[in-house]
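Starting from the known structure of chain B, fit chain W onto it as the hints suggest.
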Amino acid sequence: MLSLMIVDDSNIIRRKIERCNDSDAFKVVASAANGLQALELFKQTRPQLVTMDLTMPEMDGIACIQQLVALDPGVRILVISALSDKATGIDALKKGARGFLCKPFTEEQLLEALTELTQD
Amino acid sequence: MSEQTLQVFIDGVLRYFQHTNDKEVKVGTPYLAENQNPAAYDVTGIIGISGPYRGCVYFTAPRILLKHLLLSIGESDTSNEHIFDLVGEVANTISGNARSSFGHEFMISVPVMIEGAPSHIHLPKQLRSYVIPVYWKSYHAAVVICLEQ
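Sequence order for the protein chains is B and W. Take the first sequence: its position 117, counted from the start at 1, is 117 in the working numbering, and no numbers get skipped. Take the second sequence: its position 63, counted from the start at 1, is 1063 in the working numbering, and no numbers get skipped.
Derived by calculation from the structure, the hints in this document are not laboratory data. All C-beta atoms in this analysis are idealised placements derived from N, C-alpha and C, irrespective of residue type, glycine included. Certain hints may be false.
[As the list claims (entries may be wrong)] Going by beta-carbon spacing under 8 Å, a handful of chain W positions derived as facing chain B:
1. 1015
2. 1032
3. 1073
4. 1074
5. 1078
6. 1089
7. 1092
8. 1097
9. 1103
10. 1110
With the rest of the complex left out, here is chain B (with noise of 0.2 Å):
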């Protein structure tokens, strides 16, 4: 079982990320607010897949992709925004995301792209 670190400014998308965990395809190990408090539990629990926000207070998902990759290339991570344009998603990309799924999103579309991130 792969391990998940979820990383939202908003509690209610964090809590919706778990929900969609009903066939036991990942474990939750770590859930941060924002990318600082990210950077530290993801040194704590080194998590294998990672869904990161982009608007975040204190550090912003572009940022905390940046020195997640840096700790670890191996970690994949998809990005989980309301910033549709395309700018942002090749960049996160470049940055060294894996993914991304626009919000907002059903728990199908989710379990979707956490899927194509685990068989990447």
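For chain W alone, coordinates are given in the frame of chain B:
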């Protein structure tokens, strides 16, 4: 503000509610409002906008709508904390989705959540806002756009 600009936010409202379990949402005819008397319900999520457009976009709704909306997205905890979280998340989603039309230079802030109406700090008095009425279930809410180019 052009009709196309308003349509981007109308599309964002429709898209958000179509991802809930109660997809039936209607949007009324947008109208202009004076910022000295801003449109507001119980709780408001405000997004600051910078770049080629400057100002703010906010989503405002009664608590009862937000409680039902939480349930409709599968969230059983309808506490005050989650009501504020949700109103910010709706505002963030509608504003963030607008970047697919306006591009990455349309910069959005993290949401600020308040009770009631935005103050003059958020809404410059000299500007006017477009109010987009939102009808969902038996409730009324609004997305308000206050932008200058």
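Let me make sure I understand: some of the numbered hints might not hold for this structure. Which ones are they, in numerical order? 2 and 5
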